[in-house]
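For the protein sequence lines, the chains are S and E, in the order given.
Quick note: the first sequence uses this note's numbering, first residue 276, plus one each step.
Quick note: the second sequence uses this note's numbering, first residue 8, plus one each step.
None of these hints come from the bench; they were simulated from the model.
Straight-line C-alpha distance at most 27 Å; calculated DSSO-like pairs for lysine-lysine:
1. S:Lys439 <-> S:Lys401
2. S:Lys416 <-> E:Lys109
3. S:Lys437 <-> E:Lys109
4. S:Lys439 <-> E:Lys109
5. S:Lys401 <-> S:Lys416
Quantities reported herein were computed from a predicted structural model and do not represent experimental measurements.
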Amino acid sequence: MATSEFAPLKERFDFLTERPSSDYVAVNCPADKLVELATALRDEMAYDLLIDVTGIDWDAASPRFTGVYHLFSSSEHEYLRIAVDCADDIHPSLPSIAAIFPAANWHERETFDLMGIHYEGHPNLKRILMWDAYPYHPLRKDFPLAGIETELPAADVAEATKAKVLAAPMMGGPFVSSSNGPMSQTEPSARDESWTELKFKPSEK
Amino acid sequence: MLLRRLLGVVAKSDLTYFMQNQTVAYDSKVEGEIIVTQADAVINWIRKHSVWPMPMGLACCAIELMAAGGSRFDISRFGMEVMRFSPRQADCMIVAGTVTYKMAEVVRRIYEQMAEPKWVVAMGACASTGGMYRSYATLQGVDRIIPVDVYVSGCPPRPEALLDAMIKLQDKIGRESSVKGLSAKNAKTEKLAFSGTQS
Numbered sequence: 276m277a278t279s280e281f282a283p284l285k286e287r288f289d290f291l292t293e294r295p296s297s298d299y300v301a302v303n304c305p306a307d308k309l310v311e312l313a314t315a316l317r318d319e320m321a322y323d324l325l326i327d328v329t330g331i332d333w334d335a336a337s338p339r340f341t342g343v344y345h346l347f348s349s350s351e352h353e354y355l356r357i358a359v360d361c362a363d364d365i366h367p368s369l370p371s372i373a374a375i376f377p378a379a380n381w382h383e384r385e386t387f388d389l390m391g392i393h394y395e396g397h398p399n400l401k402r403i404l405m406w407d408a409y410p411y412h413p414l415r416k417d418f419p420l421a422g423i424e425t426e427l428p429a430a431d432v433a434e435a436t437k438a439k440v441l442a443a444p445m446m447g448g449p450f451v452s453s454s455n456g457p458m459s460q461t462e463p464s465a466r467d468e469s470w471t472e473l474k475f476k477p478s479e480k
Numbered sequence: 008m009l010l011r012r013l014l015g016v017v018a019k020s021d022l023t024y025f026m027q028n029q030t031v032a033y034d035s036k037v038e039g040e041i042i043v044t045q046a047d048a049v050i051n052w053i054r055k056h057s058v059w060p061m062p063m064g065l066a067c068c069a070i071e072l073m074a075a076g077g078s079r080f081d082i083s084r085f086g087m088e089v090m091r092f093s094p095r096q097a098d099c100m101i102v103a104g105t106v107t108y109k110m111a112e113v114v115r116r117i118y119e120q121m122a123e124p125k126w127v128v129a130m131g132a133c134a135s136t137g138g139m140y141r142s143y144a145t146l147q148g149v150d151r152i153i154p155v156d157v158y159v160s161g162c163p164p165r166p167e168a169l170l171d172a173m174i175k176l177q178d179k180i181g182r183e184s185s186v187k188g189l190s191a192k193n194a195k196t197e198k199l200a201f202s203g204t205q206s
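The shape of chain S in the complex, shown without the other chains:
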């Protein structure tokens, strides 16, 4: 049965360790036990819904990548979070659970696309958002928001237009703060510059 405590999970799966969590119960699981755990949670403990699959890039730390799975029991109304560390920092990989939860299929493709975690045994592991030939994984910590210069997906369009994928200009953009201070003052989109008959136009000060 689904649970809000760690103890019953530890009793059933001795390889689990508890993970600090501010809301629902969360566990650490070794990568080679993930398929066994997911199958048992679905069949024995009524966790029948896979909410989300995502990943964490810990940047300089090792292990660098952690896969995260959110499960929900629709009959017991309990959530469960599973974190699985990837052993290899350079070529991170995890076992696929797409055969257990079909919802994992596209989630794993997205995590592969943006974080670069390979899911072993996935039926169709290719990029889902970026184009197939794109050489980077954009949500990794070492990837700049502006992007990295590379080729357009279509060679003939690139040749006809001389266009490339370029790093986007960041200066003054909506995600760029102009200076230090509270975000309400530095965020360009948050600055109130409206004027009335009582309050002057910013340009007339």
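Assemble the complex: chain S is given as a structure, and chain E must be docked to it using the hints.
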């Protein structure tokens, strides 16, 4: 002039238009039923009042584009209501929304499939410059892959802004040297061949 056109006095107002622009010499006593004018003036007049837009709706701007086509704003008042979802049947692409690098190829191909003469309106901040999406995935302005005739500011622009842009496009069409473009040598493709200016 505009008022008369709106009232539907088409033949008479067109005549007034030609005379005001001094592209026609018309004296009913001398010419009778015949109007003498310039080929450019006639061709441009025909083209600008039968623009068939291709709605390239990619994001929220497309909703405002739909509103411009609806009864409240009614783009057909200006002679360009025939939205065609096939590029073969359209001559003005309205790029309404965010163009990602993945979609850029599709936009370019659809543009290439449109018959000459053709025009492009970049509707909204995203299509014009990338807008708020200064990121790795977004093309920073559709003018990097296709030549744009009119840019519309706004996020998204109101339907009135799009109508204003389309009227500006009509004015631009009215100033073109269409006869020169009729010979294969001087076709608009050559003139507009994209120079690929990027910084």
